[in-house]
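Chains as they are written, first to last, in the numbering used here: chain S, 292 to 573; chain P, 13 to 352; chain D, 23 to 301.
Misleading hints may appear alongside valid ones.
Which chain S residues stay away from chain D? Per the calculated CB distances, all over 12 Å, these [said to hold, decoys possible]:
no.	residue
1	Pro295
2	Pro302
3	Thr336
4	Arg341
5	Val356
6	Arg388
7	Val397
8	Val435
9	Ala447
10	Phe453
11	Ala508
12	Val530
13	Gly555
Covered, in the sense of this in silico footprint (three residues per stretch, anywhere, with C-beta under 8 Å from a C-beta of chain D), are these stretches of chain S [claimed, not checked]:
no.	segment
14	309-321
15	463-475
The calculated label-pair distances, taken between Cβ atoms and stated as ranges, are [as the list claims (entries may be wrong)]:
no.	chain 1	residue 1	chain 2	residue 2	range
16	D	Val54	S	Thr336	13 to 23 Å
17	D	Thr32	P	Val78	19 to 29 Å
18	P	Ser28	D	Thr32	43 to 53 Å
19	S	Trp384	D	Arg84	21 to 31 Å
20	P	Ser28	D	Arg129	36 to 46 Å
21	S	Leu312	P	Asp26	35 to 45 Å
22	D	Gly202	P	Lys244	44 to 54 Å
23	P	Asp26	S	Ser308	51 to 61 Å
24	D	Val135	S	Thr337	47 to 57 Å
25	S	Gly330	D	Arg129	36 to 46 Å
Everything labelled a hint here was simulated from the structure, so no lab data went into it. Each residue gets a CB set at the ideal place from its N, CA and C atoms; glycine is no exception.
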Amino acid sequence: MAIPIALSVLPGVALFSIFILVPIGVLAVTSFSDWSVIGLHFVGTTNYARLIHDSIFWKAFTNTVVYAAVGIFIQIPIGIVTGMILAQRIRGWKVFRAVLFAPVVVSGAAYALIFANVYDSRYGLLNWVLHFVGIGGRDWLYNVSTALPAVAATYAFNAGFFMILVMTEVAAIPADILEAAEVDGATRLRRQRYIVLPLLRHIIGTCVLLSLLSSLAFFDIVYILTSGGPNNATLTLTVYAFQQYTADSWGYANAIGVFIVLVGFIVIVAMKKLFRIGEREL
Amino acid sequence: MASITYEHVTKRFDESPAVDDLNIEVADGEFLVLVGPSGCGKTTALRMLAGLEEITSGRILIGDRVVNNVAPGARNVAMVFQSYALYPHMTVYDNLAFSLRNFDVPKPEIERRVQEAAKVLELGEYLKRKPKQLSGGQRQRVALGRAIVREPSAFLMDEPLSNLDAALRVQTRAEILKLQQRLDTTTIYVTHDQVEAMTMGDRIAVMSRGVLQQIGSPEELYTRPANTFVAKFIGSPAMNLLPSRELGLESAGQLAGFRPEHVELGNGRTGSAHYQANVEVVEYLGDEQLAHLRLGDHDIVVKLPVEPRLQAGSQKTFSVPLHKVLLFDETTTHAVGTAA
Amino acid sequence: MIARRLVTRTMSAGAYYGFLAFVMIAALGPIVWIMVSSFKTNPQILSNGSFLPHPATAAGYRNVFTEVHLQTALVNTFIYAAGGTAGAVLAGFLAAYPTSRLTFPGRHLMTVVFSVALAVPIVGLIVPEFFIEKDLGLFDSKLGLILFYAAMFFPLSFVIQRAFLVSLPFEIEEAAMLDGAGYFKILGRVVAPLAVPGLATVAVLVFIFIWNEYFFAQLLTISFGNLNIQVTLAEFRSAFQRDTTAQLAGTTIAMLVPITAFLGLQRYVIAGLTAGSSR
Numbered sequence: 292m293a294i295p296i297a298l299s300v301l302p303g304v305a306l307f308s309i310f311i312l313v314p315i316g317v318l319a320v321t322s323f324s325d326w327s328v329i330g331l332h333f334v335g336t337t338n339y340a341r342l343i344h345d346s347i348f349w350k351a352f353t354n355t356v357v358y359a360a361v362g363i364f365i366q367i368p369i370g371i372v373t374g375m376i377l378a379q380r381i382r383g384w385k386v387f388r389a390v391l392f393a394p395v396v397v398s399g400a401a402y403a404l405i406f407a408n409v410y411d412s413r414y415g416l417l418n419w420v421l422h423f424v425g426i427g428g429r430d431w432l433y434n435v436s437t438a439l440p441a442v443a444a445t446y447a448f449n450a451g452f453f454m455i456l457v458m459t460e461v462a463a464i465p466a467d468i469l470e471a472a473e474v475d476g477a478t479r480l481r482r483q484r485y486i487v488l489p490l491l492r493h494i495i496g497t498c499v500l501l502s503l504l505s506s507l508a509f510f511d512i513v514y515i516l517t518s519g520g521p522n523n524a525t526l527t528l529t530v531y532a533f534q535q536y537t538a539d540s541w542g543y544a545n546a547i548g549v550f551i552v553l554v555g556f557i558v559i560v561a562m563k564k565l566f567r568i569g570e571r572e573l
Numbered sequence: 013m014a015s016i017t018y019e020h021v022t023k024r025f026d027e028s029p030a031v032d033d034l035n036i037e038v039a040d041g042e043f044l045v046l047v048g049p050s051g052c053g054k055t056t057a058l059r060m061l062a063g064l065e066e067i068t069s070g071r072i073l074i075g076d077r078v079v080n081n082v083a084p085g086a087r088n089v090a091m092v093f094q095s096y097a098l099y100p101h102m103t104v105y106d107n108l109a110f111s112l113r114n115f116d117v118p119k120p121e122i123e124r125r126v127q128e129a130a131k132v133l134e135l136g137e138y139l140k141r142k143p144k145q146l147s148g149g150q151r152q153r154v155a156l157g158r159a160i161v162r163e164p165s166a167f168l169m170d171e172p173l174s175n176l177d178a179a180l181r182v183q184t185r186a187e188i189l190k191l192q193q194r195l196d197t198t199t200i201y202v203t204h205d206q207v208e209a210m211t212m213g214d215r216i217a218v219m220s221r222g223v224l225q226q227i228g229s230p231e232e233l234y235t236r237p238a239n240t241f242v243a244k245f246i247g248s249p250a251m252n253l254l255p256s257r258e259l260g261l262e263s264a265g266q267l268a269g270f271r272p273e274h275v276e277l278g279n280g281r282t283g284s285a286h287y288q289a290n291v292e293v294v295e296y297l298g299d300e301q302l303a304h305l306r307l308g309d310h311d312i313v314v315k316l317p318v319e320p321r322l323q324a325g326s327q328k329t330f331s332v333p334l335h336k337v338l339l340f341d342e343t344t345t346h347a348v349g350t351a352a
Numbered sequence: 023m024i025a026r027r028l029v030t031r032t033m034s035a036g037a038y039y040g041f042l043a044f045v046m047i048a049a050l051g052p053i054v055w056i057m058v059s060s061f062k063t064n065p066q067i068l069s070n071g072s073f074l075p076h077p078a079t080a081a082g083y084r085n086v087f088t089e090v091h092l093q094t095a096l097v098n099t100f101i102y103a104a105g106g107t108a109g110a111v112l113a114g115f116l117a118a119y120p121t122s123r124l125t126f127p128g129r130h131l132m133t134v135v136f137s138v139a140l141a142v143p144i145v146g147l148i149v150p151e152f153f154i155e156k157d158l159g160l161f162d163s164k165l166g167l168i169l170f171y172a173a174m175f176f177p178l179s180f181v182i183q184r185a186f187l188v189s190l191p192f193e194i195e196e197a198a199m200l201d202g203a204g205y206f207k208i209l210g211r212v213v214a215p216l217a218v219p220g221l222a223t224v225a226v227l228v229f230i231f232i233w234n235e236y237f238f239a240q241l242l243t244i245s246f247g248n249l250n251i252q253v254t255l256a257e258f259r260s261a262f263q264r265d266t267t268a269q270l271a272g273t274t275i276a277m278l279v280p281i282t283a284f285l286g287l288q289r290y291v292i293a294g295l296t297a298g299s300s301r
């Protein structure tokens, strides 16, 4: 029995080792070096020391935190509310679900192109609408103060994914609990607030975790739309790491990479402990 | 405290009605059991009373108030669900208090009622726990407690004992009865178990396929079933039903029914019908024996005293007093009297 | 009583639909605008006269194929998506089965490692991935990117399929074993047909993900013959700023594939995402 099993898991293990395990190892090890086109010498923690004093790195970090905040405090609540509304099976809910989820399958690159046009100062949709209502338009992507919000707005309303998770979770609530609440005199609103919402704690925790992880990996839209600018206003950790890579500062790029992977790891562990994700109430 | 009335109540989900022209009057303080096999419409009837199902036609009254269009929460009824439907994220205390908070009952009153219910149901030390930390029996009591604190016009119970093991079931049955007698609240109790029905109800309403078969006291249903369905449904082992000629009775187109315990061995006294049958299986129960007989195409079950012991494979004569033989019309299934 | 019920019901319905409409406009407005505007001529777009095209033109779509040769990118993306999906689904299935059923040393470790890998942001691995592909001679090759994608989505495939497999009753496999069937035979003849819902779910998801993938595509391929559609789109920003219509047409085409896939296969997409995230 041993041989077939070994053969069976081989493709997966091979792929995983070559493209994930080994790279992580290389990443970690070479982050302690000054790897570039010239060569590779180990320099201890120089890269990390440099990282700590690198103002651009911290700018990228705070930007990433802002992006995460938008995800958690705007995107997720929208997802929760729409999910709870549609879970009540109002008329046309299937259509709404499809329409609200469709944007989720649109690629980051497509969004970058879409919003490049929407934010265009001459003919963009946003300025057109604002002119319509009488307020002036701006050069959204080239203004240091508006660039970051503009980038955040590209995904802030795209809550279809969280909506689906919430809907599935609501469907798992036994119907008779809600019926009991109805007989106990709770109005529709009260039932949603006091029965449904508390029972969504678990899935909301999952949503927060997923949102944090995707903010950490945020690249496509930012890179294509603004390249991280103007003046690093929209820069993320991943874009910064990529810039270091194109500048052939591979050791340093890997240090940033280690930071990203480590933070991801910590987030997962912390979230599991904090919200006890993985435990069910029912 | 109120009476409950079903007036020509019908419920249709599609073509065939789930509840068909139901008419029942429940007196204030009465314990009525709705019993029948699954799919007979008893739960639907209960849910319509609770307001969880729309009424297709007819009226339901609580007291003298028509409640067809009244929201479930406004009908002043409390329901105990089969699965208990406890709020999993709330403590026992909050589970009990929830409904009272919805009706803006003042806090001290809530506290009083919850503590009172907890005392009656012996839940005092569990008030801070959550449902998942309780045993099945304890959860069931919380479900009852939720109903009690409401001090409602009526209790509606949907098979509350079916998730309990046999021993607990018997014990809880008695507790529910005691509770109801104490509180004197009108209760509608749904079950598929005819033993529960017989032991608990002031009156029993037997339903089948959405139609009310008979409503009456346990004794009435047992001794004078209105049709063959009720005759076979009530009582265990079930009543024996055969074409009456098998018992040597003249009447044509009729079925004769008699209970296992009314059968005697031998020709019996005058005024009995008798028949010969093969004994196939004998079950010895210690204080009595159950014999499964075969008469032509029909199976018969008889309950006899332990002596004399019957042997499987023998052929014997049995008799039933004629006044214990009930006659039913074969086509309409209605009872038409006794053979005496 | 009835009137009051109806009024509150209508009020909450109004609030519900109002909110949904708002979210819909915010989320879809830009997308719809792009699709509609892709039928306008360049002057129309720049002048921004009306929302709808006036008159409509398919010039953008034509240019996208004649000037930009988007068809190459489309074919490439399809190859990557199909190949990567096949690889990820197969590897995932072959690994998920034994870990869900049989006990062997390392089973638990493997399961945990693969599950955790799902969440680790592999975008941090820019440099190592580049060099690994280069050193293996896979850089800027279709095979190289396909293998990479198979590896990238293997953890997801593993986790989702394992979730499906653990819920399958194993009496049937036991019967097959007693009938003398070997491991791979059972896998292929008995389990695989039953696992089709799980396989389909993963396949749809991974296909869409690969179709939309930009980061590693632009990292690991450079020659025109190997670019996928997302990378080509990104080039639009710089290379085709003149021809906005073509830009919009290209974007619309790129979006339509995953959107149609989703609309047609909603069940699978939704099932896959809920299964994947609960782990």
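Each hint tested on the structure:
1. Pro295: violated (4 Å)
2. Pro302: violated (4 Å)
3. Thr336: Fine: 18 Å to the nearest Cβ keeps Thr336 (chain S) off the interface.
4. Arg341: The assertion about Arg341 (chain S) holds, with a minimum of 16 Å to chain D.
5. Val356: Check passes; 15 Å lies beyond 12 Å.
6. Arg388: The assertion about Arg388 (chain S) is violated, with a minimum of 8 Å to chain D.
7. Val397: violated (5 Å)
8. Val435: holds (20 Å)
9. Ala447: Per Cβ check, Ala447 (chain S) is inside 12 Å of chain D; nearest 8 Å; violated.
10. Phe453: Incorrect as stated: the minimum Cβ-Cβ distance to chain D is 10 Å, not above 12 Å.
11. Ala508: violated (4 Å)
12. Val530: Nearest chain D Cβ is 10 Å from Val530 (chain S), so the label is violated.
13. Gly555: violated (5 Å)
14. 309-321: holds (count 9)
15. 463-475: Violated - the segment 463-475 of chain S has 0 residues with a Cβ nearer than 8 Å to chain D, which falls short of three.
16. D:Val54 <-> S:Thr336: 13 to 23 Å: Cβ of Val54 (chain D) to Cβ of Thr336 (chain S): about 51 Å, so the range 13 to 23 Å is violated.
17. D:Thr32 <-> P:Val78: 19 to 29 Å: holds (24 Å)
18. P:Ser28 <-> D:Thr32: 43 to 53 Å: violated (33 Å)
19. S:Trp384 <-> D:Arg84: 21 to 31 Å: violated (40 Å)
20. P:Ser28 <-> D:Arg129: 36 to 46 Å: This hint is violated: roughly 53 Å between Cβ atoms.
21. S:Leu312 <-> P:Asp26: 35 to 45 Å: violated (59 Å)
22. D:Gly202 <-> P:Lys244: 44 to 54 Å: Cβ of Gly202 (chain D) to Cβ of Lys244 (chain P): about 51 Å, so the range 44 to 54 Å holds.
23. P:Asp26 <-> S:Ser308: 51 to 61 Å: holds (59 Å)
24. D:Val135 <-> S:Thr337: 47 to 57 Å: The hinted range 47 to 57 Å is violated for Val135 (chain D) and Thr337 (chain S), with Cβ atoms some 31 Å apart.
25. S:Gly330 <-> D:Arg129: 36 to 46 Å: With a Cβ separation near 42 Å, Gly330 (chain S) and Arg129 (chain D) satisfy 36 to 46 Å, so the hint holds.
The structure is inconsistent with the numbered hints 1, 2, 6, 7, 9, 10, 11, 12, 13, 15, 16, 18, 19, 20, 21 and 24, although it conforms to all the rest.
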